[in-house]
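Read top to bottom, the protein sequences are chains R and X. Start counting the first sequence at 1310; every next residue gets the next number (the numbering used here). Start counting the second sequence at 50; every next residue gets the next number (the numbering used here).
Note that these hints are calculated values from the structure, not bench results. Treat the hints with care, as some may be off.
[Said to hold, decoys possible] In silico lysine-lysine, DSS-like type, Cα no more than 25 Å apart, as pairs:
| hint | chain 1 | residue 1 | chain 2 | residue 2 |
| --- | --- | --- | --- | --- |
| 1 | R | 1716 | X | 259 |
| 2 | X | 123 | R | 1632 |
| 3 | X | 220 | R | 1715 |
| 4 | R | 1397 | X | 123 |
| 5 | R | 1669 | X | 123 |
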Amino acid sequence: MLDYFVIATQGGIILWSKAFVTIPDLPISKLINSLIETTSIENQRFSYNSYQMNWAVSNELGLIFIAVYQKILQLTYIDDLVYSVKKKFVGDYKTLLVNKDFFDKKTQKANFDFEPSFTKLYKSAEQTDLVSKTYKAEKPRNFEDSKKFQKTLVGSKQAIKDLTSQKNDSSATNSEFDSDDMAILKTRKKGIQMRTFENKKSKKTNSNNTDNTEKKGKSKRIWDDGTVNKEYMKDLDFSSSKNKENTTENEKTDMVDVDQLVDQHSLGVRGSDGVYQVASIGSTEDGNEISSDDNLDVKDKSSNTGWGATRIGNFFKTLANGKVLTSSDLNEPIAKMCEHLINKNVAANIARSIGESVKKELVGVKVGGMQKISSLIYPAMENTLRRILTPSTSTDMLRDIQQVHKKENRPYTLVFVGVNGVGKSTNLSKVCFWLLQNNLRVLIAACDTFRSGAVEQLRVHVRNLRALSPDDCKVDLFERGYGKDSATIAKEAINYGETNGYDVVLIDTAGRMQDNEPLMRALSKLVSVNKPDKIVFVGEALVGNEAVQQLTKFNQALLNYSPPNESRVIDGIILSKFDTIDDKVGAALTMTHVTGKPILFVGTGQTYTDLKGIKISSIVQSLLKD
Amino acid sequence: MNYFEIFIWVLSFAIVAFLLFTVLNHRVDLSFVFGGAGKKKNGILILGLPDSGKTTIWAWFRYTLVLPTQTSMKVNEEEIPVHLMDKTVNVFLTDIPGNIKLRHQFIQYLPICKGIMFVVDSSKIDENYQEVSEYLYDVLTSTQVFEQKIPIAIICNKRDDEKSIKGTEIKLKIEDELNHLRSTRTLALDSHDDNGSYKDDIYLGIQDEKFEFLHIPNQVAFIETSFQSSLDKSPVLIGHSELSSWVIDRLE
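Work out the full structure, taking the sequences as your base and the hints as a guide.
Here is the structure:
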């Protein structure tokens, strides 16, 4: 059933493992890589190829427990198994684990003899699963137990019977409520009689049935039909006047309670008219109510006197001396951190998911002596942000261009996509300028065949760039006017570039809103026809929550409308208008988090030289500073 | 009464001093004043791509055993005594996970670093020499490694594998790739927050000459190793004594 179980340190040293069948360790490394790369894994399950993996971590001791099994088996008990193994292992070898005394040099073996315990746990987990399964399979729920039964004739009759007998009991002690109860009962009985009128034949069996149920003994039944009967109301009534029967005695005990709680001198003043004056609570003459008011008063007082003490207590609490952090300790500071991120223009749900992942990282960590919780959160946050922003692939575009040129002898193609007015053409011209400075031959394909002036704009850029660049480099515009299909223009441009020895083809596309389906379809056609080396998304640094939508919709459109097996997503991001946002650099984080793709460049101004690389440390710093 | 007053004064002073210390300790890190002053510089870093054998080497130093490992999620760090012949040296050995998102952590350890072991999987170098070189380039051009000329040992691990190639071949391959990288990286755009400083523009080696490890100020050693243990074969250990002597040389 289970294929593999491993207990390892988070540093990667395997402490104990058991392989039931031989499997390559590929799925494990995939799981760990995904744990590192994604910030939020909701359920503790991960599947890769035909394997499913459940895992648990112990942050306190830096351990990870992984169970691997075949996906098709649908083992339901693995969750419990992983949890119980974790509990048992940590419990049994706590001192060894804390001292990191994992291995014995003499015997060349691990200090853990976990095999028997594991086998036991595994057996018992399997057994309980089997038992519950057979139980479930063989014994379906009795019809009488189901809710549906209450709605049937037999069921409601039985219920009435129950209610009546209950009423009889209560009427002996409590005559006050009888009339109400009776009224409810009467209407109900009537309704049932009306229903039974039609089929009297079944009456006999009914009476038999009710007899049977009486033998079973009555159980308290809670009605879920919206009406509240008096019995139920009694249950809900938590006030001190609950037991009305022996009132005098009750009042006495109440008084004793009050004497214990407060001395009479500190109570409020009772006026001559019997009005009890205390705080803002105007109470009536009724003795019972006053006593409940007194209780309130006491509560108020205790919280008042405790105020000063709790202040100091809070100070020491935040120091959190030598304790293990729980999720509730972290809730408040993490929420503050999320708010801070949102203020930095990070999309709200992204900030929240980052907060969650930081929390997951810290739960179970032991706080050192006299350490503030916030002093733990800060570095954890810094690490998480850095991890998100660090690109997972190389961003060395020049090396890629060299590679493509050397190996395949064709131009390197870049497509610029984005919504309207974010600066696609402007950033394209800046990238072009940088490429020209590096002595590359560039062809610009004007595939914005929609907006008037788009082609002319690029023509101006080309003229300027030609004047600015060294003599031996080459920049040209490939254009076919307006109203044509952009995919074919791009195709022609790439072919032209290949035959005329250009190194790079930059394809400018029309801006489109992410919800405009026909235009998104056209874009994905352009991509699937031309297979560019990089699809670059140009996004504004000013954008907030909207960034998430733009990127996911663009990615989704590229996936949806492209032919199967050729699906592409955005490969990189250019963040434009970066000079306008001061330290609110949240968009950078949002965009990398959504796509997992690197920010290739940032646009920082209007001139050709205002294109820069991104410095992750400075982005992290501006995100964290106040 | 007088004694009592003095007692009260001393007590209140002690409380104030204590509170000041605790508060300050959070705001300003006082560890360099108390205790941490004479911190020894005895760090050795183990870097390299995922699955090249970093944790195995770390565990070998720590436990003198060849242990089974899996992909690391966290840094392994500990002060470990290294014995060779009659010498014993304490080394703060750190193994940084090779995952691209966690690599950058090595920068935090550079201030106490005396040497870097850069682990390469000799059996896979044909496929991943580009990635290896990029990581090595980043290490070599990080400010502290460059300025303090931190020595580097390129450890050609997994030499027991049939597909593995010799250290000298690996050296040529990496030098060739670093030569390309040097040209493209220096031509890359400045980053947005540089304020005109040229600190990042470190040029490796000599201008207009093909890159060689001899040209850089750091000492670069190549050590061939193998740490292999399997159930059916006896453990194959190659080069572990050379590794230990390299480590000890760095710290003396």
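Do the hints match the structure? See the list:
1. Proposed proximity of residue 1716 (chain R) and residue 259 (chain X) is supported: the alpha carbons are some 21 Å apart, at most 25 Å.
2. For the hint pairing residue 123 (chain X) with residue 1632 (chain R), the CA-to-CA distance comes to about 22 Å; that is within 25 Å, so the pair holds.
3. Between residue 220 (chain X) and residue 1715 (chain R), the direct Cα distance comes to roughly 22 Å. Compliance with the 25 Å bound is thereby established for this hinted pair.
4. Among the hinted pairs, residue 1397 (chain R) with residue 123 (chain X) is consistent with the structure: their alpha-carbon atoms are about 23 Å apart, no more than 25 Å.
5. Proposed proximity of residue 1669 (chain R) and residue 123 (chain X) is supported: the alpha carbons are some 15 Å apart, at most 25 Å.
The structure meets every hint from the earlier list without exception.
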